[in-house]
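Undergrad: Residue numbers (our numbering), protein chains in the order written: chain A, 11 to 341; chain B, 21 to 135.
Since the hints were derived computationally from the structure, they do not count as laboratory data.
Backbone N, C-alpha and C fix where the C-beta goes; we use that ideal spot for every residue, glycine too.
Certain hints may be false.
As the list claims (entries may be wrong) - Here are a few chain B residues that sit away from chain A, every Cβ distance over 12 Å (derived from the structure): (1) T25; (2) T27; (3) R72; (4) E121.
Unchecked claim - Computed beta-carbon distance windows for the label pairs: (5) B:P81 <-> A:P206: 27 to 35 Å; (6) B:T40 <-> A:A219: 38 to 46 Å; (7) A:R17 <-> B:P81: 45 to 53 Å; (8) B:A118 <-> A:L218: 51 to 59 Å; (9) B:R96 <-> A:L86: 29 to 37 Å; (10) B:K60 <-> A:E16: 53 to 61 Å; (11) A:V167 <-> B:T40: 38 to 46 Å; (12) A:L318 <-> B:S114: 24 to 32 Å; (13) A:A227 <-> B:A129: 29 to 37 Å; (14) A:Q164 <-> B:T40: 41 to 49 Å; (15) B:S114 <-> A:R20: 33 to 41 Å.
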Amino acid sequence: MNRLEERYRRVLRLLPASYRQAWEEDMVATFLHSEMPEDAEDAEFAVDHGRPSWPEVASVVALAVRLRLGGDGAPLRYLVWGETVRRLALVGLLVQAVAALVGIGAWLWSPSVTNPIPADVQTLLGLVWVAAYLCLVTGRRRAARWLAVTALAQASVFFGVDLVAVEGAYGLSGTVGLLLEALPVVALVAFHRQAPPVKARPWLVALLAGVGLLTVAMSVTYVSVPALVDWPGVDCAAVFVAAVVYLSVPRLGWRSAAVSWSTTLASLALVALVQRVVTLLDYLRLAARTAELDIMIAIAAGQTVAVLAISVPLAMLAVKAVRALPPVAAR
Amino acid sequence: MAGRTMTEQAFFVLTALVDTPRHGYGIVGEVSGLSDGRVKLKVGTLYGVLDRLVADGLVEPDREEVANGRLRRYYRLTEDGRTALAAEVQRQASNARAASERLRAWRPADTGGLA
Chain A
11 MNRLEERYRR
21 VLRLLPASYR
31 QAWEEDMVAT
41 FLHSEMPEDA
51 EDAEFAVDHG
61 RPSWPEVASV
71 VALAVRLRLG
81 GDGAPLRYLV
91 WGETVRRLAL
101 VGLLVQAVAA
111 LVGIGAWLWS
121 PSVTNPIPAD
131 VQTLLGLVWV
141 AAYLCLVTGR
151 RRAARWLAVT
161 ALAQASVFFG
171 VDLVAVEGAY
181 GLSGTVGLLL
191 EALPVVALVA
201 FHRQAPPVKA
211 RPWLVALLAG
221 VGLLTVAMSV
231 TYVSVPALVD
241 WPGVDCAAVF
251 VAAVVYLSVP
261 RLGWRSAAVS
271 WSTTLASLAL
281 VALVQRVVTL
291 LDYLRLAART
301 AELDIMIAIA
311 AGQTVAVLAI
321 SVPLAMLAVK
331 AVRALPPVAA
341 R
Chain B
21 MAGRTMTEQA
31 FFVLTALVDT
41 PRHGYGIVGE
51 VSGLSDGRVK
61 LKVGTLYGVL
71 DRLVADGLVE
81 PDREEVANGR
91 LRRYYRLTED
101 GRTALAAEVQ
111 RQASNARAAS
121 ERLRAWRPAD
131 TGGLA
């Protein structure tokens, strides 16, 4: 085996073993034939010093992602991973869309009164998240991808501006928050051509329900306990309630759907937990301690414990369900 | 592939296999020729497409040969593949017809055309 072949086979290790078993020799033969220069001297050099080009590597990476995040016709195990990542993308965009709509609603309702969300350009630009979500659930995947990337880019710019304004006071939670916002955007890669269409109605209902619930919850909490509620707290509450409902109701329906909901909820609990812990660390680092801050720290600590407690049975259920899936057979 | 439009790559791979079975590199070269060099299939892309076409029953392995110490697998078009390609050709021809009729009927506004 020459160096070029060795390097290409190393790239092919990204592919699932079952796929490699069926296609590797073919792929290697085609690759070597395509890459070999006609001139004998150049060919000799390529054999010893050549490397797969970036476009060739990218094509293998894209294939590996599509195979592992399976869609129609994929082995059950890969279908479950695909469903999980697609749901993470949907839920992530749903959260952004709900937050954006509630923010705009609050701004329209009382623009002159102090709002929990600043009535500025950033609030209006939140509509890009809403557009991305609506495009995704109605099958306009390419548009959804571009809109989500645009929304993330504008969120990054505003994060940079905020970071300068508060002199890095919330640098850790802000950075981690931005990375978590990027997760659903990256997860959109799971919506490839083999991914089944999204059932629009439940996700549109979820958007309306989310806006309604969050509006009520924010109205109540900001009237009774202003400034004691933060976004990570809202996310923790949402994940906790969803997990409790999921664990209390006997699993019904299609097997892979049940498995992928376990993995989705376990992943969401992890995201909420990370978000909660880093904001808690930022609160603890603040120098000016007030009674209000102490209460917020106590609430955040309580939420951390609650989400951690619900994450354990969720993770156990997810691991058990994934282990029970049949292994992927060679094609 | 039912209910889904055919990608350009899949279209060219099927077209490359109409006249004779070909191996991977043969398909890459043929697709490049058919598309006047516009579509250059990367190996990962080719086998992603080929794998789906085999799974959908539009293409099947034909034979294996050893060349320069390497196993070379040839693929051929199935009857379903031929039917799917013919349907796609008809769809594209119909689209092209509609567009060219529009273009033929179009005249700039100041010459009294449809614009």
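Undergrad: Name the hints, by number, that the structure is in violation of.
TA: Structure breaks hints 1, 2, 3, 6, 7, 8, 10, 11, 12, 13, 14, 15.
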